[in-house]
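J.: Listed in order, the protein sequences are those of chains X and P.
In terms of the numbering used here, the first sequence opens at residue 1 and continues consecutively.
In terms of the numbering used here, the second sequence opens at residue 1 and continues consecutively.
Fair warning: there could be bad hints in the mix.
[Stated by the list, open to error] Computed Cβ-Cβ distance ranges for the label pairs, DEER-style:
1. ARG37/P with PRO36/X: 55 to 63 Å
2. VAL54/X with LEU4/P: 16 to 24 Å
3. LEU97/X with SER72/P: 38 to 46 Å
4. ARG72/X with GLY137/P: 35 to 43 Å
Note that these hints are calculated values from the structure, not bench results.
All figures in this text were calculated on a predicted structure; none of them were measured in a lab.
For every residue, glycine included, the Cβ atom is placed at its ideal position computed from N, Cα and C.
Here is what each chain is made of, one letter per residue.
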Amino acid sequence: MPPVQSPLIDPRGPRFGAAITSVVLAVALILGPGLPALVLLVLQTAAFALGSLVGIGAQPYGILFRRLVRPRLGAPRDLEDPRPPRFAQTVGLVFALAGLAGLLWAPVLFYVAVAFALVAAVLNAVFDFCLGCEIYLLSRRVAGRPLGSSGSGASA
Amino acid sequence: MTGLYVVLAAVVVAVAFGVYRRVTDGRVRAVTDASARVDGADLGVALGSDATFVQFSSAVCAPCRRTHRVLSQITEKDEGLVHVEVDAESRLDLVERYGILRTPTVLLLDRSGVVRHRIVGAARAPEVLEALEGVAGRRAA
Numbered sequence: 001m002p003p004v005q006s007p008l009i010d011p012r013g014p015r016f017g018a019a020i021t022s023v024v025l026a027v028a029l030i031l032g033p034g035l036p037a038l039v040l041l042v043l044q045t046a047a048f049a050l051g052s053l054v055g056i057g058a059q060p061y062g063i064l065f066r067r068l069v070r071p072r073l074g075a076p077r078d079l080e081d082p083r084p085p086r087f088a089q090t091v092g093l094v095f096a097l098a099g100l101a102g103l104l105w106a107p108v109l110f111y112v113a114v115a116f117a118l119v120a121a122v123l124n125a126v127f128d129f130c131l132g133c134e135i136y137l138l139s140r141r142v143a144g145r146p147l148g149s150s151g152s153g154a155s156a
Numbered sequence: 001m002t003g004l005y006v007v008l009a010a011v012v013v014a015v016a017f018g019v020y021r022r023v024t025d026g027r028v029r030a031v032t033d034a035s036a037r038v039d040g041a042d043l044g045v046a047l048g049s050d051a052t053f054v055q056f057s058s059a060v061c062a063p064c065r066r067t068h069r070v071l072s073q074i075t076e077k078d079e080g081l082v083h084v085e086v087d088a089e090s091r092l093d094l095v096e097r098y099g100i101l102r103t104p105t106v107l108l109l110d111r112s113g114v115v116r117h118r119i120v121g122a123a124r125a126p127e128v129l130e131a132l133e134g135v136a137g138r139r140a141a
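Bound-form chain X, shown alone (with noise of 0.2 Å):
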């Protein structure tokens, strides 16, 4: 495995944001295609995209859960890699922007895009359930390619 570049990352904070993009995915399904639900969807959507294409660092929940949540708390058993929940991120950001497109042209894709990204973020928040172990190497089988990297690969 590749050694970790950036720096360790509470793995509460992944959490914590889950539990808030659970919220507001329920309210946003409960509301159903409108111009309410429509705002929500465009914030949850701008959040997956900070913390997709900027960087865990960057996303607004993982901000709040530094800034208010974790003053209170003691320090982390672990430290994690930020890869895996930015990489889950990612995922959130492509069925978030299927919803929007589904607002927009069919509220079945809203319903079904949201439903599948509520689901992911429920298993995060309650299981610590790590998305890319189930569907990236999946991904990368059907690309059929390696992303970026060559050589054995294998390490004692």
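Given the structure of chain X, go ahead and fit chain P onto it with the hints provided.
T.: Just chain P now, with coordinates in the frame of chain X:
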């Protein structure tokens, strides 16, 4: 009302799947197909004289790090045991050959390279030690 039903369905699916994974993840499963072998040359390392753990990992996988710690602790003090970590995305050939669907997946090989056990999800030390005893014929050092 549609949205409320969709939310309820999503939460039920998430909780059911999460509980299922909690229960089954990291379980050691015996491999009955005796023809499944791993060649040390494919990995670029010599296999352990008693047993080898081949761990398929990826960068976007937090439990891979935990599994790495569990297996390193078991193997580092025992000369007959080897732990090899394979970056799954750069070895799609092995991923295809051994039908790896997600990371971490660990193959436990006996001394001749035959795949005896398979662990999908974060490995649990007690179960790993038990399986290892069956494969190596002795307890880990």
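J.: Could you check the hint for me, namely that LEU97/X and SER72/P are 38 to 46 Å apart, CB to CB?
T.: 40 Å, holds
J.: Honestly, do ARG37/P and PRO36/X meet the 55 to 63 Å range at C-beta?
T.: 59 Å, holds
J.: Does the Cβ pair ARG72/X, GLY137/P satisfy 35 to 43 Å?
T.: 52 Å, violated
J.: Does the Cβ distance between VAL54/X and LEU4/P fall inside 16 to 24 Å?
T.: 34 Å, violated
In the structure shown, a violation is registered for the earlier hints numbered 2 and 4, in ascending order.
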